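Asks: Listed below, chain by chain, are the residues.
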Amino acid sequence: MFFDIFKCRFKSLLREKSGFFWTLAFPLILSTLFFLAFSNLNKIDEFEKIKIAVADVQKAGDGFNAALRNSGLFEVSQTDLEQAKKLLSEGNIKGYIECKDANDFELFVQKSDFEESIIKMFLDSYRSSYSSAEKIIASNPASAKDVINSLSEEKTYINEMPSGNGNSTVIYFYSLIAMVCILSSTYGCSEVIKIQADQSTCAARINISPSHKLKVFMASISAAFIFEFFVTLIVTAYIKFVLRIDFGTSMGFILLLCAAGCFAGISLGAMIGAVVKKPEQFKIGVLVSVTIFFSFLSGLMYENMKYIIQKNAPALAFINPVSLVCDGFYSLYYYDTFDRYFLNVSILAAMGILFSAVTYFVLRRQKYASI
Amino acid sequence: METVVKIENLVKRYDELVALDHLNLNIASGEIFGLLGPNGSGKTTAISCMLSLLEFNKGKIEIFGKEMTPTAYDIKRQIGVVFQNVAVFDELTVYENIDYFCGLYVYDKKERKKLVDEAIDFVGLGDFIKFRPKKLSGGLLRRLNIACGIAHKPKLIIFDEPTVAVDPQSRNNILEGIKRLNSEGATIIYTSHYMEEVEQICSRIAILDKGRVIAQGTKEELKDMISKGEKISVQVYGISEEQLAKMLKIPGVAGADFADGTISISMNGKSGGIAQIIEFLNENNIGYGRIASELPTLNDVFLELTGKTFRD
Numbered sequence: 524m525f526f527d528i529f530k531c532r533f534k535s536l537l538r539e540k541s542g543f544f545w546t547l548a549f550p551l552i553l554s555t556l557f558f559l560a561f562s563n564l565n566k567i568d569e570f571e572k573i574k575i576a577v578a579d580v581q582k583a584g585d586g587f588n589a590a591l592r593n594s595g596l597f598e599v600s601q602t603d604l605e606q607a608k609k610l611l612s613e614g615n616i617k618g619y620i621e622c623k624d625a626n627d628f629e630l631f632v633q634k635s636d637f638e639e640s641i642i643k644m645f646l647d648s649y650r651s652s653y654s655s656a657e658k659i660i661a662s663n664p665a666s667a668k669d670v671i672n673s674l675s676e677e678k679t680y681i682n683e684m685p686s687g688n689g690n691s692t693v694i695y696f697y698s699l700i701a702m703v704c705i706l707s708s709t710y711g712c713s714e715v716i717k718i719q720a721d722q723s724t725c726a727a728r729i730n731i732s733p734s735h736k737l738k739v740f741m742a743s744i745s746a747a748f749i750f751e752f753f754v755t756l757i758v759t760a761y762i763k764f765v766l767r768i769d770f771g772t773s774m775g776f777i778l779l780l781c782a783a784g785c786f787a788g789i790s791l792g793a794m795i796g797a798v799v800k801k802p803e804q805f806k807i808g809v810l811v812s813v814t815i816f817f818s819f820l821s822g823l824m825y826e827n828m829k830y831i832i833q834k835n836a837p838a839l840a841f842i843n844p845v846s847l848v849c850d851g852f853y854s855l856y857y858y859d860t861f862d863r864y865f866l867n868v869s870i871l872a873a874m875g876i877l878f879s880a881v882t883y884f885v886l887r888r889q890k891y892a893s894i
Numbered sequence: 006m007e008t009v010v011k012i013e014n015l016v017k018r019y020d021e022l023v024a025l026d027h028l029n030l031n032i033a034s035g036e037i038f039g040l041l042g043p044n045g046s047g048k049t050t051a052i053s054c055m056l057s058l059l060e061f062n063k064g065k066i067e068i069f070g071k072e073m074t075p076t077a078y079d080i081k082r083q084i085g086v087v088f089q090n091v092a093v094f095d096e097l098t099v100y101e102n103i104d105y106f107c108g109l110y111v112y113d114k115k116e117r118k119k120l121v122d123e124a125i126d127f128v129g130l131g132d133f134i135k136f137r138p139k140k141l142s143g144g145l146l147r148r149l150n151i152a153c154g155i156a157h158k159p160k161l162i163i164f165d166e167p168t169v170a171v172d173p174q175s176r177n178n179i180l181e182g183i184k185r186l187n188s189e190g191a192t193i194i195y196t197s198h199y200m201e202e203v204e205q206i207c208s209r210i211a212i213l214d215k216g217r218v219i220a221q222g223t224k225e226e227l228k229d230m231i232s233k234g235e236k237i238s239v240q241v242y243g244i245s246e247e248q249l250a251k252m253l254k255i256p257g258v259a260g261a262d263f264a265d266g267t268i269s270i271s272m273n274g275k276s277g278g279i280a281q282i283i284e285f286l287n288e289n290n291i292g293y294g295r296i297a298s299e300l301p302t303l304n305d306v307f308l309e310l311t312g313k314t315f316r317d
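Residue numbers (the numbering used here), protein chains in the order written: chain A, 524 to 894; chain B, 6 to 317.
The set of hints was computed from the structure by calculation and includes no laboratory data. Keep in mind the model is a prediction, meaning the values are calculated, not measured. Fair warning: there could be bad hints in the mix.
Derived CB-CB ranges, DEER-like [to be verified]:
(1) B/Asn62 / A/Val881: 26 to 36 Å
(2) A/Val811 / B/Ser208: 48 to 58 Å
(3) B/Lys71 / A/Met524: 19 to 29 Å
(4) B/Lys139 / A/Lys763: 46 to 56 Å
(5) A/Phe526 / B/Val16: 35 to 45 Å
(6) A/Ile831 / B/Lys139: 41 to 51 Å
(7) A/Met524 / B/Thr74: 15 to 25 Å
(8) B/Ser142 / A/Met524: 47 to 57 Å
(9) A/Met524 / B/Asp95: 17 to 27 Å
(10) A/Tyr830 / B/Tyr112: 53 to 63 Å
(11) B/Ser142 / A/Asn827: 52 to 62 Å
(12) B/Ile134 / A/Val881: 38 to 48 Å
(13) B/Asn62 / A/Asn827: 54 to 64 Å
(14) B/Glu123 / A/Val798: 20 to 30 Å
Ideal Cβ placement from N, Cα and C applies to all residues, glycine included.
In isolation and in its complexed conformation, chain B is listed as follows (with noise of 0.2 Å):
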């Protein structure tokens, strides 16, 4: 697949703050990447890098097979950008602060008028064409922040974190939205510090901690990475030691648990192993209740290829 984002080597530098340490990145055509890591891990920085927005010491970033400058204007002219803060301005109406920042890229009236009135109709707003953005309730606004960074009809559209202190309904819209956008044709790149979100769209991801990327691939390949595999509580009325000690010679089974009467089942990286654990249950006439699973997450991910949690 055509690589649409390649970052080689990409050192940023505050001082003596490493914000970025020799980051390297491949963004393939057609992707939702996500871009996940802690607050302060380097996302913001690499995202403004790319776009010619910041300086950097050291490395070489290429979009659609050109280097990327401040005057790269052919490149911009196909990138689009959704900022974390809401950027439009306050004395203008909805409809008006979405042509200007579309006028920025499109210079024709009419196929302006025609690409501001899809943007508006994509996010819902047009019920609030001639709102001020200080009328428009948190959800709303956020809705014309994105309108603002899409109307132009980018090929590459970057969200950074779009979805901080928004409300459930409004997170869902959002996230549905940037699905709709790539199935147009659209490659992502989305920033976030929520790995839930990052894991429901992004078909490839890269996990950052400290300026580097520590993991990169699909959810699954993540996860694959790590010891740590699919987690099995049971509750059941009694165990006893030598068939918990049993227990942990079916294939799989990392180590076995029992507290308040629930035991507590690892299962190694690959293993997917419900169906046997419920026959060594009948098996052994071991009466059982309520069975869960849980599957690693990409916080199990970060835990254990960095020693910490996301919220550390």
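So here's chain A without its partners, still in its complex pose (with noise of 0.2 Å):
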């Protein structure tokens, strides 16, 4: 009986074309547009490296060669003068560093830019360094092997960050998965008002029937979860894969979490449907309520009203599961502990059994005074 119930249950939900739109096709149009919209943003975040040309380095010595190496600023063309004049003109490199002494360049640029003055910057800063170096062997020759060695000391201008480390806008790739997660409550929902008698004709039906009405909802409900998890996981590969947003490395991880919030969104719709004695617009128009509230708080519609609830309420972003998936995504992208992970997606799996107890005895006891 459970598979057969949870077979055709489960063909109704995929020939269900409302549903289908606004729990696969709305996130995939929003996926996609948000991408559009911070994709130009995300570019700030990447540094290419400056192209220079250096002529006669030979005159500045082995050190301006290595602390021009070791900066990761630039990518260096060893050329002569002519040719760096050259290479300049045509616009191939940023500008060009003519050599003369040991401290002693000149600096060559046709703007004065952004990545113009990282040049200048770095020339000033080693001209200063080897001064200060000159000046303190000059007054304590004893201490020369150290002021070299401090000078050979690689010198670091950009930092290795984590991928993706820094890219706030990927909060709203995990709101709206979790906003997908939490959606598949429409479902559980759905399924509780499929047998209580005083909701529709179909569910008297399954009422006056032998079959036992918490064994048909499991099979329904496990049909719903099933369907819901599947779409979580499109709308995921889509995000993941195709817009290429970062989520960390492992999908088992992805997986488990994405399951862990259709878990707790599906019990919760099943709970208010269950808890709430109205007819089945009234409970829809809660729950979509609910979600909605819970989606802003998670930072769909506004990025920052998650920070403000972590700052003020932190309660409350433990007892949202929007937030709570929101998160778990964010501390695998973002984290290289899994604690924070492992916490969210406890606390989820705990609110999707407490619901689902809540359901099961409202559901248990539910007589009708009329239907």
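Dock the two chains into a complex; use the hints.
Replies: Structure (structure tokens):
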């Protein structure tokens, strides 16, 4: 019986066009729009090495050459003066450095911009360090070795960041997936309504049958869960593999979080469907309001809301299933450890179990004064 | 005969409104039992209580000799219901819908397939098994609704106003189908506010008003309960006051009036007097044309028992 009901309900869900639109097509469209809107913002975070030429580098010595190489800022072409001028005039480099002595350089650029400023800052820094070293050695020859070592140390100008770290727009995509998970609550509510005799004649038909209504419900809600889980995976896969939004490395953790999110969402909907003793439209209205409110608090509509909640009412973030899913993805992306991730998955699972228990006890005792 | 449904002193209140007021019913095996009453008389409430869909305040319901409760699955297994509103899933095909609802009763796939095929044949939906409900006409949808209710071959079938908003041809099909199910051994409970239908198919009838059974019996027994009998209309060229007074003395004649060339004669409850009237007309040389006889209806029964008509 379980599998037959499961199969029928799964078929029904697949054929429900409006449900498909809101749970699958709408998030796909929205994620694409997010991607188009945020793609330029993401490019700012990428650093490309500045192309420069160095003329007569042998006059500056090995120290200068090493400093250029170790800075990580430049893609250096070593040329003669004529070649450097030609490269600059053709726009192939941002500037060239003419070396005249160990500490005498001249910088030539075509315009004064961000990248040209970086070249100048590097030269100024090098000159300053070199002069300081000369003075120290002149006054205290014994420290020459230490000074040389100090100058030889690699100076870091750019930091190696985890992939995507600092890209705050990923929050929108994570919130979107979290919203899809929690939108599964409409299916949970709908499956409860389908076994409440006072809500529809189909439900009355189920109630008069010799099949236990909670067994029918279990089969139906399982079908809804599997359906919604696949829908969430499709949306996640689209965002990860087509839009190439970073989720960290482990696909297994993503699957687990999606499953926990869908479980919490479906059971939330089922509980609202069971507890609210009003007509179907009212129940759906309550549910949509709750999910939209949760999504808002998690930063779907306004990114900073997430931080406002975490700063002012952190407990709220731990009882908001949308925030829990969203933060779960963010912790996979941001943190090296999985503590926060597993905490969120555990809370989602606990929520799902709690909501399911409430649903069970309400439905088990439910009798109808009127139908 | 074995009692299939026994309802004793059933009371159901909606706040101040008493929907069922000490309702008593006994339905025997093999009957087509009609629950007749105007809208709001308590028919559907009685059925819902009978099926344990509704809580009730007082009384006892036994079906197949056992108390009916929400968990009386062995009783539920033997009951089929055809609701007034079509109860099917829009996303499933005709076949899938029947299979789904039959599957709530019959878990064995092979047996279920056989039953579903038989139900499809019974309602004549063989050409539409892959159709979704939205593509079916109103009549075909009603047939699907019936198939979903009866596919598991129940011993007791409840039809709750199945012909509301149905075209005459589909209505006849439904009524014929009910007779066939009954002839195959099913006990039928048929609720309706269409007295003609109830008269047409029911072997016994209970008339409900304000949640109470005001009369119960065969249609003949119900009609015998009232004083009103056959009404005979005779077109005549003329009749004198004297002849009219003489007519009132014919045994069984309760009243006679002449107006617009027609004599309207009311007979007493159990009398059938058309032959006597014709004899009287011939004996008195009263020339006559068309003669019409109108038997009392269940509406007349309802009118006499409650002082109002079904449509009031």
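Asks: Next step is simple, just say for each hint if it's right about the structure.
Replies: Hints versus structure:
no., hint, in the structure
1, B/Asn62 / A/Val881: 26 to 36 Å, "29 Å, holds"
2, A/Val811 / B/Ser208: 48 to 58 Å, "52 Å, holds"
3, B/Lys71 / A/Met524: 19 to 29 Å, "23 Å, holds"
4, B/Lys139 / A/Lys763: 46 to 56 Å, "38 Å, violated"
5, A/Phe526 / B/Val16: 35 to 45 Å, "43 Å, holds"
6, A/Ile831 / B/Lys139: 41 to 51 Å, "47 Å, holds"
7, A/Met524 / B/Thr74: 15 to 25 Å, "21 Å, holds"
8, B/Ser142 / A/Met524: 47 to 57 Å, "32 Å, violated"
9, A/Met524 / B/Asp95: 17 to 27 Å, "22 Å, holds"
10, A/Tyr830 / B/Tyr112: 53 to 63 Å, "54 Å, holds"
11, B/Ser142 / A/Asn827: 52 to 62 Å, "57 Å, holds"
12, B/Ile134 / A/Val881: 38 to 48 Å, "41 Å, holds"
13, B/Asn62 / A/Asn827: 54 to 64 Å, "57 Å, holds"
14, B/Glu123 / A/Val798: 20 to 30 Å, "42 Å, violated"
Checked against the numbered hints given earlier, this structure breaks hints 4, 8, 14; the rest are met.
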